[in-house]
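Keeping their order, the protein sequence lines are chains S and Z.
When the count follows our numbering, it moves up by one through the first sequence with no breaks and lands on 711 for the last residue.
When the count follows our numbering, it moves up by one through the second sequence with no breaks and lands on 926 for the last residue.
Wrong hints could be hidden among the right ones.
[Unchecked claim] Estimated spans, in silico, between C-beta atoms of each pair:
| hint | chain 1 | residue 1 | chain 2 | residue 2 | range |
| --- | --- | --- | --- | --- | --- |
| 1 | Z | H779 | S | A65 | 29 to 39 Å |
| 2 | Z | D837 | S | P393 | 53 to 63 Å |
| 3 | S | V517 | Z | A778 | 50 to 60 Å |
| 4 | Z | M888 | S | D660 | 37 to 47 Å |
| 5 | Z | L781 | S | P299 | 30 to 40 Å |
| 6 | Z | K777 | S | G82 | 24 to 34 Å |
| 7 | Z | K777 | S | P70 | 29 to 39 Å |
| 8 | S | G71 | Z | T780 | 15 to 25 Å |
| 9 | S | K707 | Z | K849 | 26 to 36 Å |
It is worth saying that the hints were derived from the structure and are not from the lab.
Since this is a predicted model, take the numbers as computed values, not measurements.
Don't be surprised by glycine CBs; every beta carbon is placed ideally from N, CA and C.
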Amino acid sequence: MADYKWPDASKRALMGKRHSRIDGPEKVSGRAKYTHDRKLPGMLYGRIVRCPHAHAKVMSVDTSAAEKMPGVKAVTVIQGPGKEIQWAGDEIVAIAATDENIARDAARSVKVVYEQLPHLVHEEDISKAGDRASAPEEKTEGDPDKGFKEADVVSEGTYGLPVITHCTLESHGSLNAWEGEDKLLAYISTQAVSDVGSGYAQPLKIPAANVHIVQDHVGGGFGSKFTTDRWDVEAAVLAKKAGKPVRMVLDRDEELMVAGARPSTFAKVRVAAKKDGTILAWDSTSWGTGGLTGAGAPPIPYCWRIPYRLKHYAITTNIGAARAWRAPNHPQACYITMCALEDLAAALKMDPLDFFLKNIEMTAPRANLYKEELLKAAEMMEWKKKWHPRGDPTPGHIKRGLGLSIHTWGGRGHPSENRVTINPDGSVSCELGSQDLGTGTRTVIAIVAAETLGLPINAITVKIGDNKYPRSGGSGGSTTVGGVSASTRRASVDALALLLQKVAPALNADPAKLEAVGGKIQVQGDPTKSMTWKQACAKLGATPVVASGKCVGGRDELTNQGVGGVQMAEVTVDTETGIVRIERFVAVQDVGYLISLKTAESQMYGAITMGIGYSLYEEKIMDEQTGRMLNPNMEFYKLPGIGDIGRIMVHMVMNKEQDDRGVIGLGEPPVVSPGAAIGNAVANAIGIRVPNLPLAPERVLAALEKKGGLS
Amino acid sequence: MARSRNPETKPRKGLSRRAFLSRGAGLAIAAPIVTDTGLPAPQGAAADVKILGPEKIPIALRVNGKAHTLSVEPRVTLLEALRTHLDYTGAKQVCDRGTCGACTVIIGGKEINACAVLAVEAQGKDILTIEGLSTTGKLHPIQEAFIEHDATQCGFCTPGFVVACKAFLDKNPNPTMADVEKGLGGNLCRCGTYVGIREAVLSAAKTMKGGRANG
């Protein structure tokens, strides 16, 4: 049985070190092709006519003017008379025309009559939800009543996170071309190259095997691009009708209105402790919306095993459909839990770092890891030197504060198969139906194959982004790195073994005694008996070596799950303007066996930056009157800029213990804690809790006013 | 309202470009209106008010030193002309209203959001796009620095950011971190590559100065 085990640190030439991503050159030169950049001869441009009302019934649709317009090649009614529409922006009519502007003109000429129905787009105040609130979901663990009875201190608070969007820079879309009657070629912006095709197959009534998916690069996904959307399928329908390929990509306003939203969560929390800081009990009532589906109960209390009683209401609203947003439900649960605990620490007049450490056994089974990470983060932040009790006593209107948080995530590898080919000319390719969201998937695959074959990284050609390659899972749940690294490792080990068999006679050695190191095949421990990689591959004659390797998903010795992670924020708050600035941000993260350090650090920086976005700026703001999104653009749906992120310091936990765990995903865990760490830092700075994210100036000023003064 | 030197970097007061275009769709567009950006007027515009459009009109663009003639409606933006009518797809359409910088090109030494300029306005000027930064097959020092400091993730904002960095460093060869944070505030990234970009810009500044010092 071949030995696929990850090599120890002492035996690694490449893994765990910093390497530049292999698709960097094409990305920085503008050569990288995205779905938006694809063109085909005769291609038409698709547009969607969208409903302007949050809740309405379609009475009539008149597309006659559009159909007569020169350049319009196909029109379909998606939701005709009688259909009930549940959010502003839902699809009514699809149009394909020879030119993008003609398609827009045609869309404007479509006349739709609606009967408006009552809508609900706000859920922050649950008392106004009426019958839109579900029956409560209730759950109890341990004996919270006993805890509250024994408590010396009970802290109460309200905490909330509004609906936000994904705002991927490449909006959703696809280019769809029929190849014959029942074969579709789709360039689609997706997180799931191998699986997204089935979303076309069913509505178009063609076999899934007849859908060819291609995607070299994707301009962001963050959980919003796993399946086909109605506009993709309708574009394929238009393409069939017109006999021409149709490209359908969303405008920014459509992207923000309909192509992705993270459910909101609000909670009223009571949490109790003894005088010495021992946490005793948790009681919360929470609610939230993900549009028509409501929102699932957040996993609170998060990370801490506290006896609890929970009640959760899902509220259905007319805001559009929710989608998985990087670490679904975790940022919400984390913010509510860590803020409630920080408020409890403040009530106890304890430093929250000491408070967390005192109760750390309640974070079992990761208590030791969290302790180690908390201490490391505290050292990086100079926590003990900088921390002060609630309310910065420094005179003036700039107040400084510190906050902390801990988080967790799974991240075990998904099913993946890699086909590794070693060619007689020495070239090596990896083929897998995976995708690189910018996380560095291509680079990870190349590093693992190169390490295993004793080659430099640039000797490996990585072929992904095509569902004709062996299947690899969608990139969600931080499962990609575990899946593709395990399949690549196995395929590379097996391909090498086949090569060594061919080479062994020439070196007069047992193939089992050969190794691939530094671009050579040599007898183990005897570099004098060796040949170069090229010479070795030439022994293959005319036949390449091909080997497939799999990660089957589930239990797999090469990948694992369950990380911790600690983050600390230092902020300043201007109490005159309410503006919060990030000064310094510290993140300590374990990630098992780390393959690509540079791109891993980039995941950390990126997730923290995204976290700063939802902490300070982002909110899908809905208009109560019209039920429409008020800020479907990038002026008012604000993302952080290059000057908004302060100084971010990242530390990856790398040691033997982590190596022994196997590879674990990283895309999601570091985006979980920023809201809580920043929210706690603001409370520490100004001396009062700002209950709801984003911590926009008006919310900070409202909290200060409630406190009764500026300082 | 006084004419701003660089109005296309800000949303126009009162009327968005899209609204302007849609209202203009059924009307002919007079040349003096479309020259209201500070960019040079099409030939002959000042002498007689020549009516352009709404049909396609011939225009000439000089992109990365190469001359192109194309036939577009006057409402076509420079970004659309580059991406759709030509094959310069490096500049991306993201916000489509001059907010995010993903479509940044350099016109006359100045960084411009190509989504907020009409193609007809961009005639007679040198347009530099991301594709023009590494024509000799060798990457520009800024591009090298972006790779070295991992200043790209999904890469969708990257071409616009690289071009914006070029315009920035041309004007600020010795930037401080604070200069970088202020000067590149017009470009947005969703993956969060700013940490790498800051380092890349500072490092490219050093390399480029070194290059000049060594002749």
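How the hints compare with the structure:
1. Taken as a hint, the range 29 to 39 Å holds for the pair H779(Z) and A65(S), whose Cβ atoms sit roughly 34 Å apart.
2. For the pair D837(Z) and P393(S), the beta carbons lie near 58 Å from each other, so the given range of 53 to 63 Å is met.
3. Between V517(S) and A778(Z), the C-beta spacing of about 54 Å keeps the proposed range 50 to 60 Å intact.
4. Restraint check, M888(Z) to D660(S): a C-beta distance of roughly 40 Å satisfies the suggested window 37 to 47 Å.
5. L781(Z) and P299(S) have their C-beta atoms about 56 Å apart, which leaves the hinted 30 to 40 Å range violated.
6. Our hint of 24 to 34 Å for K777(Z) and G82(S) is violated, since their Cβ atoms are close to 55 Å apart.
7. At about 32 Å, the CB distance of K777(Z) to P70(S) agrees with the hint of 29 to 39 Å.
8. At about 22 Å, the CB distance of G71(S) to T780(Z) agrees with the hint of 15 to 25 Å.
9. Our hint of 26 to 36 Å for K707(S) and K849(Z) is violated, since their Cβ atoms are close to 59 Å apart.
The structure fails hints 5, 6 and 9 (numbered hints given earlier, in ascending order).
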